[in-house]
Amino acid sequence: MKFGVITFPGSNCDYDAYRAVKEVLGEGVEYLWHQDRDLREFDVVILPGGFSYGDYLRTGAIARFSAIMGAVKRFAQSGGLVLGICNGFQILLEAGLLPGAMLRNRSLRFVCKYVYLRVENNSTPFTNAYKIGQVVKIPIAHSDGNYFGDEKTVEKLEESNRVVFRYCNPGGELDDHYNPNGSLNFIAGIMNSRGNVMGMMPHPERATSQLLGSSDGRLVFESMYSYLSAKERRKVS
Amino acid sequence: MSTDKKPRNPHLWRVDVSLKEGVLDPQGTTIRRALADMGYKNIKEVKSGRFFEIELDGDRAKEAVKTLEEVCRKLLANPVIERYEIKRL
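Order-wise, the sequence lines are chains A and B. With the first letter of the first sequence counted as 1, position 144 gets the number 144 in my numbering; the numbers rise by one all the way through. With the first letter of the second sequence counted as 1, position 51 gets the number 288 in my numbering; the numbers rise by one all the way through.
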């Protein structure tokens with residue numbers, strides 16, 4: 001099993017993502033440079049958090065033209081798993097690999113804190129280790145995480161069960177006080193229609209140990225692991 | 238009003254990018270509230286956005302607009318949330 005973590009100029013969670021794969025799963029993981037173009041040997045590509053290209057123009061707007069993004073598109077088309085975390089999610093939106101866009105947080109502030117999320121769909125390669133409706137504690141750290149999509153887009157996401165995580169209160173209820181950025185429908189994470197590309201604003205790679213305050217993020221990595229192991233077993237038998 | 242008269246540069250264009258109608262504009266709203274707190278009660282709405290001054294080679298306006306339209310769609314504006322306007326300076 002091989003994971004790749006892309007480093008864009010300005011990425012700053014690439015090491016966290018790398019370490020999460022290595023320590024949580026003990027699987028092979030390599031850094032990818034934004035100018036690389038070949039992803040054939042990888043099973044998963046992670047677009048990490050950070051401030052690619054200084055967040056100039058719009059978050060993710062410049063990174064999406066990096067040489068590697070053409071390869072990421074082809075990789076996604078061929079069924080490879082793509083996980084975008086925070087700035088990685090913003091890049092996937094700008095690249096059109098996921099629908100919608102990010103607006104400034106309604107508070108206009110950079111918000112860095114633990115939030116509660118409700119798992120809305122656990123039959124995905126990224127969340128199969130969670131229980132449906134499970135409430136998890138994972139941190140966010142962003143200025144532009146206020147998810148927006150036009151009515152049609154959001155309706156389609158909801159109908160096809162592609163909202164994977166929603167912000168909620170500790171009891172798992174949707175509560176405006178616990179929507180940290182003003183996201184439409186409390187959206188914290190979504191996936192594409194094929195189910196192999198997911199973007200989420202919260203940082204699971206920062207919640208992999210109780211020592212850090214929460215280990216709830218480990219299950220995102222463990223989910224990908226079980227999905228890929230099952231796929232490998234099917235190939236062998 | 239500014240009174241300095243610089244010679245007009247025919248290659249200079251301006252692109253305004255702002256949020257589409259119906260898209261929440263937290264910056265505009267906050268600025269409007271701040272203005273109301275300062276006593277400007279007659280300011281009803283503020284919309285935020287950004288502009289770009291772009292210098293292009295070539296004299297043909299039609300081609301310039303075509304290029305700028307393309308650049309707006311691809312990079313300067315995100316069509317999901319933003320609209321753009323191209324003007325000659």
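Hints are computed from structural coordinates only; laboratory data are not their basis. Take these hints with a grain of salt, some might be off.
Stated by the list, open to error - Label pairs and their calculated CB-CB ranges: (1) A:78 x B:280: 51 to 59 angstroms; (2) B:322 x A:27: 44 to 52 angstroms; (3) A:77 x B:245: 42 to 50 angstroms; (4) A:172 x B:300: 52 to 60 angstroms.
Said to hold, decoys possible - Simulated pairs of lysine-lysine, BS3-like, Cα-Cα distance not exceeding 30 angstroms: (5) A:73 x B:311; (6) A:152 x B:257; (7) A:231 x A:2; (8) A:73 x B:303.
Note that the Cβ used here is the ideal one computed from N, Cα and C, for glycine as well.
Comparing the hints with the structure gives:
Separation of residue 78 (chain A) from residue 280 (chain B) is about 53 angstroms and conforms to the stated range, judged on CB atoms against 51 to 59 angstroms. The hint said 44 to 52 angstroms for the Cβ distance between residue 322 (chain B) and residue 27 (chain A), and at roughly 50 angstroms that hint holds. Range check, residue 77 (chain A) to residue 245 (chain B): Cβ separation about 49 angstroms, and the 42 to 50 angstroms hint holds. For residue 172 (chain A) and residue 300 (chain B), the Cβ-Cβ distance of about 57 angstroms falls inside the hinted range of 52 to 60 angstroms, so the restraint holds.
Simply put, residue 73 (chain A) and residue 311 (chain B) have alpha-carbon atoms about 17 angstroms apart, close enough for the 30 angstroms limit, and the pair holds. Restraint check: the Cα-Cα separation between residue 152 (chain A) and residue 257 (chain B) comes to about 16 angstroms, which is no more than 30 angstroms; the hinted pair holds. For the hint linking residue 231 (chain A) to residue 2 (chain A), the alpha-carbon distance of about 14 angstroms falls within 30 angstroms, and the restraint holds. Of the supplied pair hints, the one linking residue 73 (chain A) and residue 303 (chain B) holds, its CA atoms being roughly 27 angstroms apart against a limit of 30 angstroms.
The earlier numbered hints are all upheld by this structure, with none contradicted.
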